[in-house]
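Novice: Chain by chain, the residues run as shown.
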Amino acid sequence: DAKTTQPPSMDCAEGRAANLPCNHSTISGNEYVYWYRQIHSQGPQYIIHGLKNNETNEMASLIITEDRKSSTLILPHATLRDTAVYYCIVRVNNAGNMLTFGGGTRLMVKP
Amino acid sequence: DSGVTQTPKHLITATGQRVTLRCSPRSGDLSVYWYQQSLDQGLQFLIQYYNGEERAKGNILERFSAQQFPDLHSELNLSSLELGDSALYFCASSAPGAGDTQYFGPGTRLTVL
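Chains as they are written, first to last, in the working numbering: chain A, 1 to 111; chain B, 1 to 113.
Hint data in this document are derived by calculation from the structure and do not stem from the laboratory. Values in this document were obtained by computation on a predicted structure and should not be read as measured data. All residues carry an ideal CB built from backbone N, CA and C; glycine is no exception. Take these hints with a grain of salt, some might be off.
Reference listing, derived: stretches of chain B covered by chain A, where coverage requires no fewer than 3 residues with Cβ under 8 Å from a Cβ of chain A [unchecked claim]:
| id | region |
| --- | --- |
| 1 | 44-58 |
| 2 | 105-112 |
Residues from chain B that face chain A, not an exhaustive set, calculated with beta carbons under 7 Å [unchecked claim]:
| id | residue |
| --- | --- |
| 3 | Val19 |
| 4 | Phe90 |
| 5 | Asp100 |
| 6 | Thr101 |
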């Protein structure tokens, strides 16, 4: 699976949009971009994933650049409960293979 | 709530002992994955089972073993425990044909004294 690079930490004001970047310059054509988050020591929570088109669900939006070498996870109105470590992972889909977690981005949402 | 359950939530034991962690996947999911999260290593994949068969292995120690039963629940057995085995152990499950998105349980916190 391709390697990803994320900033180690970010701050965001409550109510504002949180934009979390991820670089994956060596991504292959059949690799998807997945985002998970881990709040404190809870189990990682699936957020969203995509291949090349932008995706949106009830939690977040995922914007993938046209060359697919980077992506941004957007939390439109961050709340204090969104404080967590966010992991960007690229992997082949439907392969049954494991998730490779990097260091992630520690997002702190401040009042 | 992801639908994946893990028991026990907490486990405290002594070095040299053996423990069993249990995971029940989401209804309909055939794959179960085990991950370890320690302070210095981050989240590391241990092993995957698919419909009762071992599918993939990560950096799992020989002292650790797992199995998946006919009802699809899985158990992770840790033996000859060492202080360094203290960690959070997470189980995840996924369904075939659903993009293989993995959903994680709440974890078991193992403390080896």
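Novice: For every hint, state whether the structure bears it out.
Specialist: Structure-based check of all given hints:
As drawn, the region 44-58 of chain B meets chain A at 7 residues by the rule of a beta-carbon pair under 8 Å; at three or more, the given contact holds. Residues of the region 105-112 of chain B with a Cβ under 8 Å from some Cβ of chain A number 4, which satisfies the need for three, so the listed coverage holds. Taking 7 Å as the C-beta contact cut-off toward chain A, the hint placing B/Val19 at the interface is violated, the least distance being around 19 Å. For B/Phe90, the suggested interface contact is upheld, since its CB lies about 5 Å from the closest CB of chain A, less than 7 Å.
The interface hint given for B/Asp100 holds, since its Cβ lies 5 Å from the closest Cβ of chain A, which is under the 7 Å cut-off. Contact between B/Thr101 and chain A, as hinted, is supported at the beta carbon level, the nearest pair being about 6 Å apart and thus within 7 Å.
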